[in-house]
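K.L.:
Here the protein sequences line up with chains A and B, keeping their order.
Under numbering that gives the first Met the number 0, the first sequence has 28 at position 29, and the numbering climbs by one with no breaks.
Under numbering that gives the first Met the number 0, the second sequence has 235 at position 236, and the numbering climbs by one with no breaks.
Among the hints, a few may not be true.
Derived pair list, reagent style BS3-like, types lysine-lysine, alpha-carbon separation capped at 27 Å [as the list claims (entries may be wrong)]:
1. 346(B) <-> 154(B)
2. 96(B) <-> 12(B)
3. 203(B) <-> 2(A)
4. 145(B) <-> 2(A)
5. 102(B) <-> 145(B)
6. 102(B) <-> 92(B)
Just so you have them, the derived chain B footprint on chain A, three or more residues with Cβ under 8 Å [claimed, not checked]:
7. 1-12
8. 16-22
9. 30-37
Keep in mind that the hints were calculated from the coordinates and are not lab data.
Even glycine gets a Cβ: it sits at the ideal position worked out from N, Cα and C.
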Amino acid sequence: MGKQVVIIGAGAGGASVAAEARRRDPSLAIALIEQRGQVSVAA
Amino acid sequence: MPYYIGDVIQEEKRLIARTPEKFRETGVDVRIDTRAEEVDEAAREVLLSDGTRLPYDILVLGTGTTPLMPGIPGEEREGVFALRQYTDALRIKSWLKQVPCRKAIIIGAGFIGMEMSEALRGRGIETVVHHRGTLPVSRWDPEFSKVVVEELQKKGVSFVTGSELRSVEEGIEHKLRLVTNHGPDEADLILMAVGVRPNAVLGKQMGLPLGKSGAIRVSFSQQTEREGVYAVGDCAETFHRVSRRWVNVPLGDIANKQGRIAGVNIGGGAMTFPGIVGAQSFKVFDLEVAATGLGEREAAEAGFDPASTLIWGNAIAGSMPGNSPLGLKLIADRATGKLLGAQAVGKAGAVSRINTLSAALWAGLSLDDAGWLDLAYAPPFSGSWDPIHTAAQTLKRKL
Numbered sequence: 000m001g002k003q004v005v006i007i008g009a010g011a012g013g014a015s016v017a018a019e020a021r022r023r024d025p026s027l028a029i030a031l032i033e034q035r036g037q038v039s040v041a042a
Numbered sequence: 000m001p002y003y004i005g006d007v008i009q010e011e012k013r014l015i016a017r018t019p020e021k022f023r024e025t026g027v028d029v030r031i032d033t034r035a036e037e038v039d040e041a042a043r044e045v046l047l048s049d050g051t052r053l054p055y056d057i058l059v060l061g062t063g064t065t066p067l068m069p070g071i072p073g074e075e076r077e078g079v080f081a082l083r084q085y086t087d088a089l090r091i092k093s094w095l096k097q098v099p100c101r102k103a104i105i106i107g108a109g110f111i112g113m114e115m116s117e118a119l120r121g122r123g124i125e126t127v128v129h130h131r132g133t134l135p136v137s138r139w140d141p142e143f144s145k146v147v148v149e150e151l152q153k154k155g156v157s158f159v160t161g162s163e164l165r166s167v168e169e170g171i172e173h174k175l176r177l178v179t180n181h182g183p184d185e186a187d188l189i190l191m192a193v194g195v196r197p198n199a200v201l202g203k204q205m206g207l208p209l210g211k212s213g214a215i216r217v218s219f220s221q222q223t224e225r226e227g228v229y230a231v232g233d234c235a236e237t238f239h240r241v242s243r244r245w246v247n248v249p250l251g252d253i254a255n256k257q258g259r260i261a262g263v264n265i266g267g268g269a270m271t272f273p274g275i276v277g278a279q280s281f282k283v284f285d286l287e288v289a290a291t292g293l294g295e296r297e298a299a300e301a302g303f304d305p306a307s308t309l310i311w312g313n314a315i316a317g318s319m320p321g322n323s324p325l326g327l328k329l330i331a332d333r334a335t336g337k338l339l340g341a342q343a344v345g346k347a348g349a350v351s352r353i354n355t356l357s358a359a360l361w362a363g364l365s366l367d368d369a370g371w372l373d374l375a376y377a378p379p380f381s382g383s384w385d386p387i388h389t390a391a392q393t394l395k396r397k398l
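Given these sequences and hints, build the entire structure.
P.N.:
See below:
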């Protein structure tokens with residue numbers, strides 16, 4: 000299994016990390032943790 | 000988000016760049032309504048609010064900002080909001096539907112306060128802005144801030160200055176009553192827009208070094224001082240290409256870029272974030288307001304010897320119908336003649352000038368360069384001498 004990536008916060012920054020890392024390396028295990036009820040919002 | 004609250008953007012889903020479901024389709028394990036309570040660095044695990052311990056090889060902090068609150072009694076009352084997150088926008092919009100909201104008070108006169116005054120006024124709500132100072136949007140020259148005040152007043156928004164907040168109480172005529180040094184003022188909604196600070200709680204807990212701004216220090220690759228730990232967006236610092244200093248600028252476009260850089264590096268690539276020049280814009284009713292680079296005070300703090308000029312020109316050719324005045328201020332360094340910053344205000348053309356000048360700052364252009372830039376001239380878009388040329392040549396003569 001690929002490396003385990005944990006991203007804390009799914010705002011513009013965190014969500015962009017998840018999307019780009021996934022594109023680059025499909026073997027990564029990526030978890031995106033968000034304390035609110037929604038992710039990746041246009042400001 | 001102000002445009003969603005103001006019903007300019009009607010559908011909630013249009014605000015969401017990518018839903019949890021979309022992420023899950025790509026195999027990302029999305030956990031909403033879940034807090035990261037603590038990072039156990041020895042075990043390389045994140046402790047979540049549901050009790051799970053999530054192991055990591057690589058950790059990314061994208062913890063955003065925390066809205067500042069004035070710290071007055073009653074500020075936690077129902078109907079008092081801060082606008083920072085999407086969920087705040089939903090709560091405000093549902094409050095507007097739920098109560099007959101005839102009047103709103105906005106506390107704070109930064110750009111969020113300005114955007115929100117347009118959003119609420121646009122819904123037909125009587126709107127009052129309370130500001131502790133005398134002029135709004137302190138980044139801009141007082142002459143431009145006065146134009147903003149005039150625009151608010153023209154559109155029926157009251158602007159109260161020198162307001163010292165005392166408390167929020169239950170209202171009689173309206174739901175809530177704000178008490179200030181000026182006495183009571185009632186409203187059905189109170190929006191706190193006094194600013195934000197970086198939320199670096201987890202970073203601090205981990206002992207990561209913070210910058211002067213209180214944001215997490217990062218390298219150009221978005222890595223923190225700790226191996227395998229990245230930070231991106233509003234909780235992290237950013238390199239300012241003009242001041243050559245590390246700053247914190249909580250804007251979504253910067254967060255997107257930093258996130259992509261970190262994602263590239265985590266995904267096996269190698270990319271660095273080139274930094275920012277401090278470009279920013281907002282709209283308030285019929286006015287475009289924009290700025291880039293450094294103001295005079297920031298320039299002096301960064302060790303420059305700033306000189307400035309403020310001109311009023313034409314947004315398009317002066318002979319054309321529909322022309323409107325355009326205010327443009329330029330700041331440059333006396334010693335080198337280099338452009339340091341710009342501010343603009345007008346019904347049209349302010350943002351386009353600031354975007355051009357942002358590219359100039361990015362490239363480190365001088366006033367001589369800016370004064371002779373080859374710009375796209377045609378009467379519907381500018382005079383044959385653009386305000387950029389005029390301002391740059393005027394300031395050059397002053398140095």
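K.L.:
Of the hints stated earlier, which fail here?
P.N.:
Of the numbered hints given earlier, the structure breaks just one, which is hint 4.
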